[in-house]
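Asks: Sequence:
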Amino acid sequence: MNKKTLTGNELKAVAMIAMTADHVISVLYPGYPANWWIVLLHIIGRMAAPIFWFFVAEGYHYTHNQRKYAARLLAFAVVGHFAYNFAFGIPFIPFQTSIFNQTSVIWPLFWGLIALIINDSGKLKKWQKTLLILIIAVITFCSDWSCIAVLAILEIGTNRGNFKRQMLGMMSWVAVYAVVYAVFINPLYGAIQLFTALTIPLLGMYHGERGSWKGMKWFFYAYYPLHLIVCGLIRIAAHGNVGVMIGGR
Numbered sequence: 147m148n149k150k151t152l153t154g155n156e157l158k159a160v161a162m163i164a165m166t167a168d169h170v171i172s173v174l175y176p177g178y179p180a181n182w183w184i185v186l187l188h189i190i191g192r193m194a195a196p197i198f199w200f201f202v203a204e205g206y207h208y209t210h211n212q213r214k215y216a217a218r219l220l221a222f223a224v225v226g227h228f229a230y231n232f233a234f235g236i237p238f239i240p241f242q243t244s245i246f247n248q249t250s251v252i253w254p255l256f257w258g259l260i261a262l263i264i265n266d267s268g269k270l271k272k273w274q275k276t277l278l279i280l281i282i283a284v285i286t287f288c289s290d291w292s293c294i295a296v297l298a299i300l301e302i303g304t305n306r307g308n309f310k311r312q313m314l315g316m317m318s319w320v321a322v323y324a325v326v327y328a329v330f331i332n333p334l335y336g337a338i339q340l341f342t343a344l345t346i347p348l349l350g351m352y353h354g355e356r357g358s359w360k361g362m363k364w365f366f367y368a369y370y371p372l373h374l375i376v377c378g379l380i381r382i383a384a385h386g387n388v389g390v391m392i393g394g395r
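Numbering (this note's numbering), first residue to last: 147 to 395.
Treat the hints with care, as some may be off.
[What the hints assert, rightly or not] Computed list of lysine-lysine pairs in DSS-like fashion (alpha-carbon distance at most 30 Å, straight line):
1. Lys149 - Lys360
2. Lys271 - Lys310
3. Lys150 - Lys363
4. Lys271 - Lys360
5. Lys275 - Lys360
6. Lys363 - Lys149
7. Lys275 - Lys310
8. Lys149 - Lys214
9. Lys149 - Lys310
10. Lys360 - Lys150
[To be verified] Label-pair ranges, simulated between beta-carbon atoms:
11. Ile263 - Ser318: 36 to 42 Å
12. Ala217 - Lys360: 34 to 40 Å
13. Ile184 - Val322: 20 to 26 Å
14. Pro333 - Lys214: 39 to 45 Å
15. His385 - Ile281: 17 to 23 Å
16. Glu355 - Ala217: 21 to 27 Å
17. Trp364 - Asp266: 22 to 28 Å
18. Leu220 - Lys360: 20 to 26 Å
19. Gly386 - Ile163: 34 to 40 Å
20. Lys150 - Ile245: 28 to 34 Å
21. Lys275 - His385: 41 to 47 Å
22. Asp266 - Val322: 30 to 36 Å
23. Val388 - Lys149: 26 to 32 Å
24. Thr276 - Phe330: 37 to 43 Å
Worth flagging that the hints you see were computed from the coordinates, not collected in a lab. Ideal Cβ positions, reconstructed from N, Cα and C, are used throughout, including at glycine.
Using the sequences provided together with the hints, build the complete structure.
Replies: Here it is in structure tokens:
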């Protein structure tokens with residue numbers, strides 16, 4: 147029986163639903179509430195990021211023009227920055243309140259793509275690649291999911307064809323993130339990060355095809371900032387113009 151039954155479009159739809167649930171509950175109930183149903187929605191939300199990481203690596207493999215793909219992600223990161231910061235009440239100009247959570251996860255997605263390009267470069271020596279990726283880790287440290295997103299994309303992209311190694315590599319970096327989160331922010335919500343593993347069976351069902359609808363990519367590019375703007379309006383209606391997340395006002 148063929149268990150690889152999910153298209154790329156279907157996985158991206160799962161990611162959007164999970165992401166939306168996580169973001170809406172974050173603006174309605176900020177902080178670190180332990181109510182079981184709030185925790186459950188945040189657990190569901192952990193399923194979004196690994197799908198985004200996976201498809202950046204897949205996009206890198208399939209793209210016919212790396213420069214256009216990178217430029218598109220960079221433009222998306224700029225738009226995503228303003229939408230994300232508005233959603234959670236984080237100043238648009240970074241580092242006014244914190245070094246943490248100063249921009250959206252799209253920023254490390256862009257740099258994850260750059261890291262894959264660097265890693266596969268035939269013009270760079272190994273030490274140069276390592277140095278550049280360390281610099282990228284510093285550049286992305288301040289974003290949602292921090293540099294962990296970049297390192298997870300590298301694991302997924304460099305181990306393409308070996309799903310077990312892709313997922314073990316990804317989860318090793320998620321575990322680092324979970325420990326840091328638990329020690330420095332909140333133990334329960336640190337543990338919640340490990341539920342990114344729930345995405346692994348779904349990614350294992352991906353059969354390598356996009357799906358019949360060619361517009362999913364552009365739909366996501368529009369949906370991401372629009373849903374964040376709605377979240378920002380919900381935040382203001384519920385709490386006033388105050389921050390509801392680390393890095394907020």
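Asks: Run every hint past the structure and note whether it holds.
Replies: So, going through the hints one by one against the coordinates:
Of the supplied pair hints, the one linking lysine 149 and lysine 360 holds, its CA atoms being roughly 23 Å apart against a limit of 30 Å. Using a Cα cut-off of 30 Å, the hinted pair lysine 271 and lysine 310 holds, with the two alpha carbons roughly 28 Å apart. Pair hint lysine 150 plus lysine 363 holds up; C-alpha atoms about 21 Å apart against a cutoff of 30 Å. With a CA separation close to 38 Å, the supplied pair lysine 271 and lysine 360 exceeds the 30 Å bound.
Between lysine 275 and lysine 360 the alpha-carbon distance is near 35 Å, which puts this suggested pair outside the 30 Å criterion. Between the alpha carbons of lysine 363 and lysine 149 the distance comes to roughly 25 Å, so the proposed pair stays at or under 30 Å and holds. About 25 Å separates the Cα atoms of lysine 275 and lysine 310, which keeps this hinted pair within 30 Å; it holds. Distance check on the hinted pair: lysine 149 and lysine 214 sit about 34 Å apart at the alpha-carbon level, beyond 30 Å; violated.
A threshold of 30 Å between alpha carbons decides the hint, and for lysine 149 with lysine 310 the separation of about 16 Å falls inside it, so the pair holds. Restraint check for lysine 360 and lysine 150: the C-alpha separation of about 20 Å stays at or below 30 Å, so the hint holds. A beta carbon spacing of about 22 Å between isoleucine 263 and serine 318 contradicts the range 36 to 42 Å that was offered as a hint. In this structure the hint that alanine 217 and lysine 360 lie 34 to 40 Å apart at CB is violated, the actual value being about 20 Å.
At roughly 25 Å, the beta-carbon separation of isoleucine 184 and valine 322 lies within the given 20 to 26 Å, and the hint holds. About 43 Å separates the C-beta atoms of proline 333 and lysine 214, a value consistent with the hinted range of 39 to 45 Å. Distance hint check for histidine 385 and isoleucine 281: the Cβ-Cβ separation is about 37 Å, which falls outside the suggested range of 17 to 23 Å. The beta-carbon spacing between glutamate 355 and alanine 217, approximately 25 Å, falls within the hinted interval of 21 to 27 Å.
In this structure, tryptophan 364 and aspartate 266 meet the distance hint of 22 to 28 Å, their C-beta atoms being roughly 27 Å apart. Range check, leucine 220 to lysine 360: about 22 Å between beta-carbon atoms, so the 20 to 26 Å window is met. About 28 Å separates the C-beta atoms of glycine 386 and isoleucine 163, a value inconsistent with the hinted range of 34 to 40 Å. For the pair lysine 150 and isoleucine 245, the beta carbons lie near 41 Å from each other, so the given range of 28 to 34 Å is not met.
For the pair lysine 275 and histidine 385, the beta carbons lie near 45 Å from each other, so the given range of 41 to 47 Å is met. For the hinted restraint 30 to 36 Å between aspartate 266 and valine 322, the CB-CB distance of approximately 24 Å leaves it violated. The supplied range of 26 to 32 Å is broken by valine 388 and lysine 149, whose beta-carbon atoms lie about 47 Å from each other. For threonine 276 and phenylalanine 330, the hinted distance range of 37 to 43 Å is not satisfied, since their beta carbons lie about 26 Å from each other.
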